[in-house]
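Engineer: So the chains spell out like this:
Protein chains: 2
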Amino acid sequence: MQTQKLLVNGERLKKELRIFANFGRTQNNGVTRLALSEEDRLARDYFCSSCTELGMSVKVDDMGSIYATLPGIEDKPPIVIGSHLDTVKKGGRFDGVLGVLAGLEVVRTLVENQVKPRIPITILNVTNEEGARFEPSMMASGVLSGKFEKGAMLNKVDGEGVTFEEALHSIGYAGEVENRLEEATAFLELHIEQGPILESEGIAIGVVEAVMGMVCYEIEITGESDHAGTTPMPMRKDALFAMNDYIQAIRHKLNQLDSDLVYTVGRVSVTPNVHTVIPNKVVFSLEARHKNAEVINEVETFIAEQAQEIKAEGQCNVKLTKMWFRDTVWFDEELVQLLEESANSLAYSYKKMISGAGHDAQFINMICPSVMLFVPSKNGKSHCEEEETTWEECEQGANMLLETVVAFLKEK
Amino acid sequence: MQTQKLLVNGERLKKELRIFANFGRTQNNGVTRLALSEEDRLARDYFCSSCTELGMSVKVDDMGSIYATLPGIEDKPPIVIGSHLDTVKKGGRFDGVLGVLAGLEVVRTLVENQVKPRIPITILNVTNEEGARFEPSMMASGVLSGKFEKGAMLNKVDGEGVTFEEALHSIGYAGEVENRLEEATAFLELHIEQGPILESEGIAIGVVEAVMGMVCYEIEITGESDHAGTTPMPMRKDALFAMNDYIQAIRHKLNQLDSDLVYTVGRVSVTPNVHTVIPNKVVFSLEARHKNAEVINEVETFIAEQAQEIKAEGQCNVKLTKMWFRDTVWFDEELVQLLEESANSLAYSYKKMISGAGHDAQFINMICPSVMLFVPSKNGKSHCEEEETTWEECEQGANMLLETVVAFLKEK
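Taken in order, these protein sequences are the chains called H and D.
With the numbering used here, letter number 141 in the first sequence gets 192, and the count goes up by one each step, no holes.
With the numbering used here, letter number 18 in the second sequence gets 69, and the count goes up by one each step, no holes.
A hint or two may mislead.
The list makes no distinction among identical chains, and a pair is therefore deemed to hold if it is satisfied within one copy or across any two copies.
Said to hold, decoys possible - Simulated pairs of lysine to aspartate or glutamate, EDC-like, Cα-Cα distance not exceeding 20 Å:
hint, residue 1, residue 2
1, Lys141, Glu275
2, Lys141, Glu271
3, Lys429, Glu439
4, Lys198, Glu360
5, Lys140, Glu233
6, Lys332, Glu437
7, Lys140, Glu360
8, Lys140, Glu275
9, Lys370, Asp113
10, Lys127, Glu271
11, Lys127, Glu252
12, Lys141, Glu269
13, Lys207, Glu443
14, Lys332, Glu364
15, Lys402, Glu227
I should point out that these hints are in silico values taken from the structure, not numbers from a laboratory.
The structure presented is a predicted model; accordingly, all values stated were derived computationally and were not measured.
Go ahead and model the full structure; you've got the sequences and the hints to work with.
Structural biologist: Here it is, written out as structure tokens:
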């Protein structure tokens, strides 16, 4: 039987996104809604009551993540749609919240069309994806997947000495360990791209195959402080010029690797940082991301080799500390294919891509088959008040979720 | 009549240097004696009473500088010997104080040998050479020479909101404007080199011909902050990599200029300075010093040209601010020659050199014929607790002053 295609209500989604933008609105139309803050509580309460009104049952797990479930005809593991409601400080109106509210819009569309789903549908709000108040990021999904140890996470403190556990209780979202996600038919996370690719290529949907592997080093170069006026150039042990040589050599080498490789020196500290004194110490970060482990391996080899070269010159010492590392997480191939079919069915332009940013889905992928989809970010901006995605693009993302859920419900 | 050569008492000089090292001694054998501090007052009081005991008259000018004068047979402008008693925070036991105490030792030697000088001899302690508590450095000599405006200097505040004027009164060294140095036969400043040249070449005395000219720019490069994981390399406007290119190009160009040129990037600040974010702003200092104005001009041309090149690449903007500039100050040629003759007479090894660091003598040179001489700094270190000059080297420096004063006294 050929039925009319089910589509979400874009106006309703827009209205909800605008309401949530008020939970922590900043002066410049951005949002500050740190995890477990009063603003987060307001957003959570509103979300829970919206779900309850739709006839969903709401549960909270021991890390404060919320599961709102629309029952299915068959008692099967649910299709889970979700993302996170927290933001960074002076963040935007779309990062995270879009994936949760698009899930809500999918359920609303099904309920108003009296579609009783074959299998349950759960909307998930994962606690503290950003890690902006309590480090690390992706905290609750990390605990869910066994990547992080719960006790250690509960004891994390914010800048004012409040522990995660205290904050969880203070907003009334300390739930039960039994409520954790343990089994699901699929996890679908819609998110803004946070990069410029979709916009620059004029494409509506990114079908995300993987989250890129990354490595981050802290590099400390030590030389000697001397008077900037009285020390001849050949007698200097200038840590800053050594850093300059190091970065330049690394750029030269990395630029010869695959063009998808991205790498960044984001943080630099110079000692003593006085204009009349030759620096005796610089500490800087160097991070690199690529989907292939071999490329990351090559980056690490270059980092080590270049440190040896600086040492061999005899003026400065170099100390390397590996701060972070993650392997590339490949999403479920069948789900990737299903998203492609949904885009084709909706006649949306799409491209398969690799996420350079980390997301909860990379951890939830360890529990159940998972996949992500992206909608464009204007100028590639995120984690700032200028973060922007058009209402139409948001609606298309939600339609992708709905189309994919409907496909699941039809399956035998 | 051939008399026996007059020489200072090295043991007495060593004893005085050790006594003054106690006025602000640090745990690691350094000295913290900030200008107009309680430690500075103790050192000044001790210095004044030592001078009075020798039959010298002591006057203080309106910037707190002290003039202790041994009268001469003829009423002529004095020979002035001096330097400064203040230090930086955690400075050393020789910078400044050596030039004052060597002057005291010269007078003591004359007095105990019953030499009544033909013309007066004044020992000068110049207030606030270091600028460590109240900026700028060389404050009082700058006021003396008309380089700095007195009213503005009196209003300078330290880190705790105390003005220079208040501090001057609180230690009891606010004197009279009439006492300022207005005329002198010569000014002689003995100082530690603060660089590694004399030590590395095994030379006892540096005869200083000039204080090097310098220029210091603050360079601000602005790009755009984006996510380190999601922004392809060709779409980045990375201010830090632009800084790296800038510094590398400048080094390449400056290394082709005269090998006496010294240049330093001492200060760098990166925004937002987060390892996962591409920097949108870096601000750094670039200073260069050389005796020839044409070389400094070339440096400035390169700084401007390279800024244009970065702009022309179209990713980042560059703003240049000229922070400091000084022309090379050439000391009196006859005094330079007199110092050479003294070194030859004493059979001390010496070399003519240019000071890369600034000193009070560069301002006092505007009032009267001036010259400086250096003694070695171990490992070129100064402005730190490790600052070291041997007692023998200090004694040789004092003998140079004495020999030169004696030569003056003989003159007709």
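Engineer: Okay, which hints does this one fail, numbers in order?
Structural biologist: As far as the earlier hints go, 2, 4, 5, 7, 9, 10, 11, 12, 13 and 15 are violated by this structure, in ascending order.
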